[in-house]
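J.: Residue numbers (this note's numbering), protein chains in the order written: chain W, 1207 to 1548; chain L, 1207 to 1548.
Calculated from the structure, these hints are not laboratory results.
Since no wrong hints were added, every one of them can be taken at face value.
Output of the computed footprint for chain W on chain L, the stretches with three or more beta carbons under 8 Å from beta carbons of chain W: (1) 1253 to 1262; (2) 1339 to 1347; (3) 1355 to 1364.
Sample of chain W residues facing chain L (criterion: CB under 7 Å; computed from the structure): (4) Asp1249; (5) Asp1250; (6) Ala1251; (7) Leu1254; (8) Thr1260; (9) Val1262; (10) Ala1297; (11) Leu1306; (12) Val1310; (13) Leu1367.
Computed Cβ-Cβ distance ranges for the label pairs, DEER-style: (14) Gly1218(W) / Asp1332(L): 42 to 48 Å; (15) Gly1212(L) / Arg1445(W): 36 to 42 Å; (16) Thr1394(W) / Gly1217(L): 36 to 42 Å; (17) Asp1493(L) / Thr1216(W): 49 to 55 Å; (18) Pro1241(W) / Gly1467(L): 53 to 59 Å; (19) Pro1241(W) / Asp1493(L): 31 to 37 Å; (20) Gly1218(W) / Asp1493(L): 50 to 56 Å; (21) Ala1513(W) / Ala1276(L): 44 to 50 Å; (22) Ala1255(L) / Asp1454(W): 37 to 43 Å; (23) Pro1241(W) / Gly1470(L): 53 to 59 Å.
From the three backbone atoms N, C-alpha and C, an ideal C-beta is built for every residue, glycine too.
Protein chains: 2
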Amino acid sequence: MPSRLGPTLTGGTPLRGLEEEDVLGHILPLFRSSPDLIVPPGDDAAVLATEERTIVTTDTVVLGRDWLDAWSSAADIGHKVVAQNLADVAAMGGRPTGVLITLVTDPMVSLEWVVDLARGIAEACDRADVAVLGGDLSSAPAGVVMISVTALGNLDGEPVLRSGARPGDRVAVCGSLGLAAAGLHLLTHDQAERHTTAVARQRRPSPPLGAGPQAAAAGASAMLDVSDGLLRDGGRIARASGVVLELDPVALAADVAEVAGAVGEETAWDCVLAGGEEHSLLATFPDDLPTGWRGIGSVRAPRPAEAPGVLVEGRTARQTGWDHFGGGGAGTDAVGDDPRQG
Amino acid sequence: MPSRLGPTLTGGTPLRGLEEEDVLGHILPLFRSSPDLIVPPGDDAAVLATEERTIVTTDTVVLGRDWLDAWSSAADIGHKVVAQNLADVAAMGGRPTGVLITLVTDPMVSLEWVVDLARGIAEACDRADVAVLGGDLSSAPAGVVMISVTALGNLDGEPVLRSGARPGDRVAVCGSLGLAAAGLHLLTHDQAERHTTAVARQRRPSPPLGAGPQAAAAGASAMLDVSDGLLRDGGRIARASGVVLELDPVALAADVAEVAGAVGEETAWDCVLAGGEEHSLLATFPDDLPTGWRGIGSVRAPRPAEAPGVLVEGRTARQTGWDHFGGGGAGTDAVGDDPRQG
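Could you put together the complete structure from these sequences and hints?
T.: In structure tokens form, the structure reads like this:
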């Protein structure tokens, strides 16, 4: 990880020397209120109108590990960290209502960067009609910038867990697959111009938030958002539910084709099967799929001595993904045949 | 700030090389559920039973800035960061129901330290009957350890804001004043043995959580928790309400006496008037004080050309406190006479 900040982060007035209230004075006016917000941030705490069940989740991004200064603007990062938390709320079947944002940063980061970050946060919140409920602004050692988001949402009815998939259910996706990973691949290889949509998706995920409550209403039996890759996240549903997900590569061919021209056929399959940060929704349905969802496979019971898991064209697919302490890249559960050679 | 971790943090098995799920396997069993917790952490998000109004707040502590390895065990820090967030919920008049915890850490920190941290978190949660609703565990550059907590609470009735103090109200406190600051002073001067209660309060604040809803029910017109010092926090009520708080030094004499033997008379006044991290509750009441609260002054309207603020024995008191970016120690609003010389 970098111990020095790049020029994107430091161009302008450094936070060092500014009062916290001055910084907040530049940021807070960017955040819109919402009908759910009874007491806005600024007192000891905010007060949010809630119903019987509230969904809560949190996620953190760290400079140098989750994003690189050279690849993402502050607004991109603000947008992304909010969007991925809202996706978790949607993946339970809920409607996001609010977020809390914590920025812990090297005080050599500029006020301008922080204001741009806040703009990205505000944009992602406005798109989802979500209020900023609070936050914290703290200094960190040199080179450190991290942003932590907690999201809240309202849940009508029952939550859609990972554990409810049953044999006979259909496996379906709402949203794209592999675009964000292809974008990351292109940024890594300094080829961003080869697929600007993929690069944009990497920088600013666009989770189909409305599809979460929609799927819940349509009787989805299990759901999550694709944050660590179709195989790894599908494996989570499979293990939690004690089932096997059989994915149909034909149903994924269009996703592969979408990025194959830019990254090559082999990498395209990697992106679609194992690419993270897409934040599309993956669910299982006992009945017909709701509008906007597309079938990519089916659920069956494990055969004798077969472990729950994900198969592609009947074979165990490579499991790749990201583990924060075990090291990036290939996961430790990388086993089995490559379905593309099947 | 330190770029190397002390032995307290690194003694044992480093996180580096462990899978995130292995680490969580040691931590999650320490956390108790609660009747409010409908879906525990482990899915995309947790689901909490809520009522019409939910209080939310967040706060972060960073190694080297908010605590020193040599002064606080991991369990102390876990306890403290939870307690200070729960105090914010209580200070709105609410009952805390849940917390989310994010740990971003140098992977050379040991599993044992993290488990001890989780024990302190669990103890503070259990004392308040609060559930852990989720969290995040991420790696950070060398030397960085930070813990972020978001707390939720249920609010019956109206929130108690900072802006409701009115001329004629009484100013009151529930809990101690100056103990945590005296403890910090003793730790700084390597004299912890001179007042072990004060040092313990510095390490583990003990906010009177039940006094928050109690004060709300008794008609408190304004309230907050004393996190940055009586003068600075009192000033927040004064400015938000457009009033002057007149504090009576006689009413504070017992607080001063409590620590004067250990830190000296002058420092004791500093601790009581300006000491942070106490997390006692400061409120204003138009009517009689509820049980457990003690009067320390009164509220009046500003005189012509007088700004809202806090007076001690009729004089502007020194305003000290902590500002994250402006540098620690004396704040920039340090003006006026020293009331101890008045």
